[in-house]
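Peer 1: Given next are the chains, with one letter for each unit.
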Amino acid sequence: MEFFERFAIPHPSPMIYASMVAIGLTVIAIIAGLTYFKKWGYLWREWLTTVDHKKIGIMYIISALLMLFRGGADAVMMRLQTSVPDNTFLDAQHYNEVFTTHGVVMIIFMAMAFIIGLMNFIVPLQIGARDVAFPRLNAISFWLYFAGAMLFNISFVIGGSPDAGWTNYYPLANNEFSPSVGVNYYNWALQISGIGTLITGINFIATILKMRAPGMKLMKMPMFTWTALITNLIIVFAFPVLTVAILMGTLDRQFATNFFTTTAGGSDMMWANLFWFWGHPEVYILILPAFGIYSEIIATFSQRNLYGYKSMVGSIVIISTLSFLVWVHHFFTMGQGALTNSIFSITTMAIAVPTGIKIFNWLLTMWKGKIRFTVPMLYSVGFIPLFTIGGVTGVMLAMASADYQYHNTMFLVAHFHNTIIPGVVFAMIAGLTYWWPKMFGFMLNEKIGKWGFWFMTIGFCFAFFPMYITGLDGQARRMYTYSEASGFGPLNMLSFFGAGLMAISFIIIVYNIYYSFRYSPRNVGDDPWNARSLEWATHNPVPEYNFAIAPQVKSSEAFWDYKKNGHQLFKGDIKDIHMPNNSGQPIIMAGLFFIFGFSFVFYIWAGVIISGIGILACLVYRSFEKDDGHHIHVQEIKETEEKFGGAKK
Amino acid sequence: MKELFPIKQINGFVFSLLLTVVALSVYFMDMSYEWGMTILLITAFVQAGVQFVIFMHAGETKDRDVIFSTLFYGVFLALAAVFGSLLTLVWDMM
Ligand code: HEM
Ligand SMILES: [Cu+2]
Chain W
1 MEFFERFAIP HPSPMIYASM VAIGLTVIAI IAGLTYFKKW GYLWREWLTT
51 VDHKKIGIMY IISALLMLFR GGADAVMMRL QTSVPDNTFL DAQHYNEVFT
101 THGVVMIIFM AMAFIIGLMN FIVPLQIGAR DVAFPRLNAI SFWLYFAGAM
151 LFNISFVIGG SPDAGWTNYY PLANNEFSPS VGVNYYNWAL QISGIGTLIT
201 GINFIATILK MRAPGMKLMK MPMFTWTALI TNLIIVFAFP VLTVAILMGT
251 LDRQFATNFF TTTAGGSDMM WANLFWFWGH PEVYILILPA FGIYSEIIAT
301 FSQRNLYGYK SMVGSIVIIS TLSFLVWVHH FFTMGQGALT NSIFSITTMA
351 IAVPTGIKIF NWLLTMWKGK IRFTVPMLYS VGFIPLFTIG GVTGVMLAMA
401 SADYQYHNTM FLVAHFHNTI IPGVVFAMIA GLTYWWPKMF GFMLNEKIGK
451 WGFWFMTIGF CFAFFPMYIT GLDGQARRMY TYSEASGFGP LNMLSFFGAG
501 LMAISFIIIV YNIYYSFRYS PRNVGDDPWN ARSLEWATHN PVPEYNFAIA
551 PQVKSSEAFW DYKKNGHQLF KGDIKDIHMP NNSGQPIIMA GLFFIFGFSF
601 VFYIWAGVII SGIGILACLV YRSFEKDDGH HIHVQEIKET EEKFGGAKK
Chain Y
1 MKELFPIKQI NGFVFSLLLT VVALSVYFMD MSYEWGMTIL LITAFVQAGV
51 QFVIFMHAGE TKDRDVIFST LFYGVFLALA AVFGSLLTLV WDMM
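Protein chains in written order, with the UniProt record's numbering: chain W, 1 to 649; chain Y, 1 to 94.
No lab work stands behind these hints: they were computed from the structure.
This one's a predicted model, so the numbers in the text were calculated from it and none came from an experiment.
Note that the Cβ used here is the ideal one computed from N, Cα and C, for glycine as well.
Any given hint could turn out to be false.
Interface residues of chain W toward chain Y, partial, derived using beta-carbon atoms under 10 Å [stated by the list, open to error]:
{"hint": "1", "residue": "F237"}
{"hint": "2", "residue": "V241"}
{"hint": "3", "residue": "S267"}
{"hint": "4", "residue": "N445"}
Next comes chain W alone, as it looks inside the complex (with noise of 0.2 Å):
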């Protein structure tokens, strides 16, 4: 029994016990349901096993938009808490608990696993590749990333959530102030699903780089190519820092190590420096792919090629670079001089210069165009003006002397939410609704879709702007409640409201997917957007094998291209494919991680040495494997080709 007491939550309440239940009945109901309709089979073949990059990035949305619900209900559960003063829906400890999984949840396992799905499912089609570089390594990606984020998902009903914040500075961190498992969790859920992420990041390099169809040169790539392309060299260089800085983390905590402690030598501050080192490109990595989902979108609803190609490339590429100088602006008031912070200062307004120029490209785009407000594109549209305004109070976040006042305040809370949302969270939604047909072969309805953008949209601004004026008025972040006195009250109160909206607005989105399941007509065509890149010269729903000839390509448009100025894209015959073959491996290591990690978050080590040992056999039974995959007969591609209607474009 002894052994058991470990997994007690040190600080329970009736709402996690609740929890509690009702994960456990959804796990029974979804094995009964598999075993019921004989599905563990197909699930196992078509999905679990797979390593066909569309199949992979589908899986990353599905649970990118689990992930956004858990996110969501945090949020809700911290607005309501502080929707009037004196509340006492959750006391302290749970506040903290909330708004950290909150924080984790929404970055690296929505954001991340949201953009990383899209350009799983995206990238390969847009430069007309069978799949990406290394497919076995892309669905050990997407198992470890799941692995981490079940792992952290957990927490709170066995050993307890933690609750240092996302960014888990320490000394909070250390044992002394958090005694429980909570940031044992935090480290390990994010070391392994960051593995994962440096192991896409290579793959994606390596894809883009050496895989591109006969004639796409690099200053031929559609944007959202470009911008995965910078997103993942700015991932292989960001997250070794926190991969090494959680390892420090770790061994501090575990293993009585001293690096980030405020004796023996250590220091609590550097934490927050290695920590920045990575966090400040990281919310780079997010946006980056953003930028190349509007790009794409914008191009297409306005009917233009997109305005300033060469300067949108230009932009890109300075800020991977300028993103990785701009980091202890997360931290001006931590005591460093004013040198440093007036260098810290202007890197980071330097950074707001290329921003600039990429919006008003988007707005030349638009100029003239014949603009079409479809789903996709009301996004797009709604996201100029928000994300300006997000930028300019990042600027004045920039301002070091004055960010001594909006530090820590829901100014902050407002300024990230303001470039996250319409930047991050917009673009996820935009791109699914646009990809969407090539994903499924059908289109989400726009009517519905109209709702769920303006209930979205106007729920933002009643959520965040009304932060930007507590903020300013000195509410802190990260307070659970307040007093009647401050008058922060109405605000709050506003701000609930807001996140109300959102919240229905994520159900519009959802029933959305649904309706239009069931009754959205199915012939929508290769290309019902009337679009330009080269994902679009394939069929609805993709082959397996992409294309059944390499495209020809002649310009970033090359759909276009072959559309209106008589470009052939498909030139020769047919020939065998060759794809590679699935494997349980990817699934079966990553269990092995999750319990690994589970080991180590509770210190049983022979949980961690059994797994550790079970890790190394597979990838010792990877050395000696020969898999050679296997081809796709021309019979066979002929067929397939002749059910969509012919190949020749």
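Model the placement of chain Y with the ligands on the given structure of chain W, informed by the hints.
Peer 2: Just chain Y with the ligands now, kept in the frame of chain W:
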């Protein structure tokens, strides 16, 4: 036969052993902190260069440019991290 004999790699190996010996000497010989650090830094960077160019064949393929630019980008970022941190946490800490 001559083409097959990896003379470059053998030389590289000897050279990298030599670098190790020099670096080790810092521990065994009695020298000032500054001298020791200088020797260690120089030998470390040369050692890394030897590994990349001779043993990992950077520069022998078409990818030469990509490999070296990422390498230098990495070095640049590492220096930014190190000196940025020194500036923030040590030199300019009030
Ligand atoms: C014009 C561009 C931007 C500038 C000048 C800027 C500036 C800043 C500054 C100075 C801070 C720290 C303020 C403080 O802690 O007191 C900050 C925080 C933050 N920014 Fe931005 N930012 C910009 C764009 C973005 C973008 C595009 C994103 C995300 C997609 C983003 C996400 C964040 C986040 C997540 C935080 C705070 C996280 C935390 O402390 O928990 N920012 N920004
Ligand atoms: Cu930043």
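Peer 1: Decide, hint by hint, whether the structure agrees.
Peer 2: Quick rundown of the hints versus the structure:
1. Interface restraint check for F237/W: the shortest CB-CB distance to chain Y comes to about 5 Å, inside 10 Å, so the restraint holds.
2. Proximity of V241/W to chain Y holds as hinted, the smallest CB-CB distance being about 7 Å (cut-off 10 Å).
3. Restraint check, S267/W versus chain Y: the minimum CB separation of about 7 Å is within 10 Å; hint holds.
4. Evaluation of the N445/W hint against chain Y yields a violated restraint, the C-beta minimum of about 45 Å exceeding 10 Å.
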